[in-house]
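S.K.: Listed below, chain by chain, are the residues.
Number of protein chains: 2
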Amino acid sequence: MSDSEQELGITESKEYSTGDWYAEVVQKAELADYAPMGGFIVTRPRGYQIWERIQNHLDGWFKDTGVQNAYFPLFIPEGHLEREKDIVEGFDPEVAWVTQGGYDELDERLAVRPTSESIIAPYMSQWTRSHRDLPLRLNQWCSVVRWEATETKPFFRTKEFLWQEGHTAHEDSDGAWEETMLRLEQYERVYEDVLAMPVLKGRKPDHDKFPGAHTTTTVEALMPDGKSVQGGTSHYLGTSFGEAFDITYIDENEDEQTAHTTSWGLSWRAMGALIMTHSDDQGLVLPPTLADPQVVIVPIWQDDNVDEILGYAEELESTLDDAGIRVHLDDRDHRNPGFKYNEWELKGVPLRIEVGPNEMDEETATLVHRPDGESETVDATTITETTEDHLDTVFAKLYASAEETLEGEIREAESREEILGTIGQHGGYVKCGWCGEEACEEPVKDAIAAEIVMVPLDRDEEPIHEECAICGEDAEETAYFAKTY
Amino acid sequence: MSDSEQELGITESKEYSTGDWYAEVVQKAELADYAPMGGFIVTRPRGYQIWERIQNHLDGWFKDTGVQNAYFPLFIPEGHLEREKDIVEGFDPEVAWVTQGGYDELDERLAVRPTSESIIAPYMSQWTRSHRDLPLRLNQWCSVVRWEATETKPFFRTKEFLWQEGHTAHEDSDGAWEETMLRLEQYERVYEDVLAMPVLKGRKPDHDKFPGAHTTTTVEALMPDGKSVQGGTSHYLGTSFGEAFDITYIDENEDEQTAHTTSWGLSWRAMGALIMTHSDDQGLVLPPTLADPQVVIVPIWQDDNVDEILGYAEELESTLDDAGIRVHLDDRDHRNPGFKYNEWELKGVPLRIEVGPNEMDEETATLVHRPDGESETVDATTITETTEDHLDTVFAKLYASAEETLEGEIREAESREEILGTIGQHGGYVKCGWCGEEACEEPVKDAIAAEIVMVPLDRDEEPIHEECAICGEDAEETAYFAKTY
Ligand SMILES: [Zn+2]
Ligand SMILES: [Zn+2]
Chain A
1 MSDSEQELGI
11 TESKEYSTGD
21 WYAEVVQKAE
31 LADYAPMGGF
41 IVTRPRGYQI
51 WERIQNHLDG
61 WFKDTGVQNA
71 YFPLFIPEGH
81 LEREKDIVEG
91 FDPEVAWVTQ
101 GGYDELDERL
111 AVRPTSESII
121 APYMSQWTRS
131 HRDLPLRLNQ
141 WCSVVRWEAT
151 ETKPFFRTKE
161 FLWQEGHTAH
171 EDSDGAWEET
181 MLRLEQYERV
191 YEDVLAMPVL
201 KGRKPDHDKF
211 PGAHTTTTVE
221 ALMPDGKSVQ
231 GGTSHYLGTS
241 FGEAFDITYI
251 DENEDEQTAH
261 TTSWGLSWRA
271 MGALIMTHSD
281 DQGLVLPPTL
291 ADPQVVIVPI
301 WQDDNVDEIL
311 GYAEELESTL
321 DDAGIRVHLD
331 DRDHRNPGFK
341 YNEWELKGVP
351 LRIEVGPNEM
361 DEETATLVHR
371 PDGESETVDA
381 TTITETTEDH
391 LDTVFAKLYA
401 SAEETLEGEI
411 REAESREEIL
421 GTIGQHGGYV
431 KCGWCGEEAC
441 EEPVKDAIAA
451 EIVMVPLDRD
461 EEPIHEECAI
471 CGEDAEETAY
481 FAKTY
Chain B
1 MSDSEQELGI
11 TESKEYSTGD
21 WYAEVVQKAE
31 LADYAPMGGF
41 IVTRPRGYQI
51 WERIQNHLDG
61 WFKDTGVQNA
71 YFPLFIPEGH
81 LEREKDIVEG
91 FDPEVAWVTQ
101 GGYDELDERL
111 AVRPTSESII
121 APYMSQWTRS
131 HRDLPLRLNQ
141 WCSVVRWEAT
151 ETKPFFRTKE
161 FLWQEGHTAH
171 EDSDGAWEET
181 MLRLEQYERV
191 YEDVLAMPVL
201 KGRKPDHDKF
211 PGAHTTTTVE
221 ALMPDGKSVQ
231 GGTSHYLGTS
241 FGEAFDITYI
251 DENEDEQTAH
261 TTSWGLSWRA
271 MGALIMTHSD
281 DQGLVLPPTL
291 ADPQVVIVPI
301 WQDDNVDEIL
311 GYAEELESTL
321 DDAGIRVHLD
331 DRDHRNPGFK
341 YNEWELKGVP
351 LRIEVGPNEM
361 DEETATLVHR
371 PDGESETVDA
381 TTITETTEDH
391 LDTVFAKLYA
401 SAEETLEGEI
411 REAESREEIL
421 GTIGQHGGYV
431 KCGWCGEEAC
441 EEPVKDAIAA
451 EIVMVPLDRD
461 EEPIHEECAI
471 CGEDAEETAY
481 FAKTY
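Those sequence lines, one after another, are chains A and B. Going by my numbering, the letters in the first sequence line up with residues 1 to 485, in that order. Going by my numbering, the letters in the second sequence line up with residues 1 to 485, in that order.
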C-alpha cells in the first residue's frame, strides 16, 4: 500500500477511539467538513444526498398522511420569543441574535429560529376558525440555530442543524394524541426501514419534556459505544399552546373550543446515528436504501484484455442501471483494483461487483458485501434479481447487527450502585423502578453522566420493581438510564 | 352573493391597481401572509407547494446534468465577506448581522448569507486538486437575507427569500461558458415548459453585472403591466473567483492552472412573476404543471339525487386519480355550487368538472377552463384522455396569452425622447443603439425609472442602429430598456 493509500484510509479505531474515528469517517468519506467558525459544518454532496433520501422518505409519508409543507421566517422577533418564555415554563433557548440590518441597529432583536412554535402558533390561530379547518398539519424542512457552547461533532452537535418541524392542531385530545403517535411511528419506521436501525419508543420523564408539552415521546437508538441517541421526538402539547396563542375554533354546536396541538421533529442527528452505528475501521457503511451508488463495478483487466473486460462490465452496468439500481462503473485507468476496493469501502458502497477474465469467460460476476466481505460468484444472466437479493441481504445484515447490539444491552438494576456499576461496565440501558422524582436521577447523572432517557409509553404500565432503585420509595414507573450523545 | 362570498372574492382590479390586486390575490388565494416584521412573509401550503414543484423540475434537470446538492452554513464570518469585498469590485451587500450568541457578544460578526460565494469558494479550492476533480458542480436550495429597505411585495421583494444557488468550477473558459449557458437554458425551460411564460434571454450591461462576473446572463419576463422581471441569472465568472480564492488544479501536463467558475440562481421571484402574469380579477390562475389540484369536480345535486350524483362524481374522481391527475371532489354539503366555483377560481384550479343530473343521465361531464370560462360537455367514458387534452389546452392558452403580451411589446427608438415616450405610453421593451456607457442610461433612469435590462447574448451581434440613441456616438450594441420590478 502506497503512502497515499494509507492517507486515504481510516487510521483511528472505532472501538478504542470512537470520537476520533467518527470524525475521521465523516471527513474522509467526504460527508462533511468543518466550517471556519466553531460549531458549524459544511455538508458535502455525499453527506447531503443521504439527508435528501431520508427527507424524501419521511416527506412522502407525511404527505400521504395529510401534512402540508410551508415556510415560516428564519427570524423570530424577540417579543415573540419572550411571549413563549412567559407562558411556557422552562423555555429559555440560547439563540443567535441579529441586532444589525445593513448599517443600522434594529429596534428589536431578531432571534435566528431555534424552533418555530412562537412564530407558527399565531398563524395557526389565524387560520383556524371552524372545526372544518381542523386538523391543520404543517411541516417545514429548514435549518435551526441553537447557541450551545459544546465541542462540534458533525450531525450530532452543531450550532446550526437541518431538521423538519411539524406543527399540528386538532379538535380534541384524541386527535392530537393519535397524531403524536403517528409521527413517532413514522420516525420508528424511518430508522427501521431506511436507516437499518432498531429503536426503542418511549416517553421522556416529566422533568425532561419539551417546555410546554403535556407529553414528549421519543425514539432512542443505542450506539455501539453503549450510549443512547435521541433519534426524534413527537410532542403532545395538550392545550397549552392553544390557550397561550389563542388557537380556538367554533365546533359543530357553535361553541368556541381550544385546539389541542402537537409538534414533532427529526434532525440530521439521524445521519450521525446512522454513521456511528454501521461504519467500521475501513470507513463508512451505508444501507442500500441510502447509498448512491448502491453498487460499484470494478473491472480487473490486463493490458491485453482491457476492451473486452470493460465491454463486459459496461453490459452489466447498463443492465443494472435499466433496472433502477444505482450503479457506478469505476473505469479509471490510473487506479488499480485494490485502490478502488479501498476507496469504495471507505465511501460506504454496500455491494461491489468484480469482473475479471474468469467472470467474463464464465459469464459470471463476483459480488462482495461491504459490511463483512462475504463474496459470491453468480450467474450474470440473472444479475438484476441477484443484485437486488444481495442488496436486501446487506440491509438485513446491517439491521441484524444493530439489533444484536441493542438486544443484549438492556439490563436491570435494583440499586444506585447496581445502576452505576452496570452502566460503567457495559454501557447500554439499565432499567429500574423509579419514584418519578428528578432528584433520584441526580446521583447517577453526577456520578457517571447517565440519565433517564425514557420511561414506557404506556403510563399505566406497572414498574418492573416495586421500589425506586435510588430512594427506596414506591416506584411509579420504570426508568431507562443510559449515557447519551 | 352573501357578504362572506364578497369578502372571499378579489375586490381590486388587475388593470387599474396592479399592486393592490397582486397583494390581494396572494393573500386570498392563501399563498402567503405578512410576517410580524416588515420585509418577511409566511409562505402558506398553497404557495409552498408551487415552489416545491418548481424545485422538483429544476432539481431533476440539475441532477441529470451533473449537479450535486450540498449545504453550506447559514452564517458567513465578516472576515470572509470582507475578503470578497476586497477582491470583488462593487460587492457590498446590505446584510443582517448576528452579533450575539446566547448571552455573549461575538468576537466576529456573522452575516446571514446574502449569497454564498465567499463561504463556498474556499471549499471549492480545497476540493479541487487535479483536473480529474473538475468539473465540480455544487448547488444548494436555501434561504438568503438581504437587508434592503423597500416595501414588502411577496415573492418579488422580501428581505428573506428562497432560492437555489449553483456554484461550479471548470478546467477552462469553454467548459465554464457552456455551463453558464446550460443553466440559463434550464431557466428558460422552467419558465416556458413549467410556468407557461415566454422569456427573453440576454446579457446584463457591464455596469449591472454581478460583482466579479465576467458576464451575467439573464432571462427576462414581461409582466402585463409592461415591466420586466429578472427571472434568473447565470454568471460566467472567468478566473476572478478562481484567482481570489485559489481554486487551482494540476492539469494533464502536471502544470498548475486556475479554474474558471460560474454561479447561477433562481429565486421564488419566479412565483411572483407567475402569479402576476396569469392571474386575473377572479383570483389566482395556475398552469396545470404547478396546480394542486389540477381538476376540481363540483357535483350539482338536489335533495332527491344527492347519492346518485355524488356516486357518479366519485367514479370520475377515482378514474382521474388512477390516471395520476391531481383531482379533488368538492363534496361539501354546506356550500352551493356557485360558492364552490368562485372559491376554486380564486384558488387557481385550471379545470373544473361540473356534474349534474344531465351529465349523469347522458354519461357526460362538463369541463370549464379557468382562464377564459370556455366550457365543453364531453363523453365521460374517455374522461382521462379528454381531461389531459383539456389541461394541455389550458396550458397552451396561458402560454399564448403571455406570448401575445410579450410579442407586441418590443419596440424600437432612435432618441432619448422616443425611448421616454414609448415606454411612458406603452411600457414594455424599447430597443435602441447604445454606445455602452452607463452615463447614457442615466437620463432615462432619472426621467422614468426605466433601465437597460439586457443586451443581446452574442457580443458580436451588430447593433440595430448605428448611433447611440442618447449621445449619438457610435453604437456598440443594442440596449433593451424597460421598467423593472
Ligand atoms: Zn426515588
Ligand atoms: Zn451613448
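By construction, these hints were calculated from the structure, which means they are not laboratory data. Misleading hints may appear alongside valid ones.
Note that identical chains are pooled: a pair holds if it fits in a single copy or bridges any two copies.
[Claimed, not checked] Distance condition first, Cα-Cα at most 35 Å in a straight line; then the derived DSBU-like pairs of lysine-lysine: (1) Lys347 / Lys85; (2) Lys28 / Lys347; (3) Lys85 / Lys28; (4) Lys63 / Lys340; (5) Lys340 / Lys201; (6) Lys397 / Lys85; (7) Lys63 / Lys397; (8) Lys85 / Lys153.
S.K.: Indicate, hint by hint, whether the structure satisfies it.
M.R.: Hints, one by one, checked against the model:
For the identical chains of this complex, Lys347 and Lys85 are neighbours neither inside a copy (45 Å) nor across copies (37 Å), given an alpha-carbon limit of 35 Å. For the homomeric pair Lys28 and Lys347, the shortest alpha-carbon distance inside one copy (8 Å) is at most 35 Å, but the shortest distance between copies (50 Å) is not. Within a single copy, Lys85 and Lys28 get their C-alpha atoms only as close as 42 Å, which misses the 35 Å cut-off; across copies the closest is 32 Å, which meets it. In this assembly of identical chains, the alpha carbons of Lys63 and Lys340 lie at most 35 Å apart only when taken from different copies (24 Å versus 40 Å within one copy).
In the homo-oligomer, the alpha carbons of Lys340 and Lys201 never lie at most 35 Å apart, since the shortest distance is 40 Å inside one protomer and 44 Å across protomers. Taking the shortest Cα distances, Lys397 and Lys85 never come within 35 Å of each other, neither inside one copy (47 Å) nor across copies (53 Å). When the C-alpha separation of Lys63 and Lys397 is checked against a cutoff of 35 Å, the pair qualifies both within a copy, at 31 Å, and between copies, at 31 Å. Proximity of Lys85 to Lys153 under the C-alpha cut-off of 35 Å is found in both arrangements, the shortest distances being 29 Å within a copy and 32 Å between copies.
Comparing the model with each earlier hint shows violations of hints 1, 5, 6; every other hint is respected.
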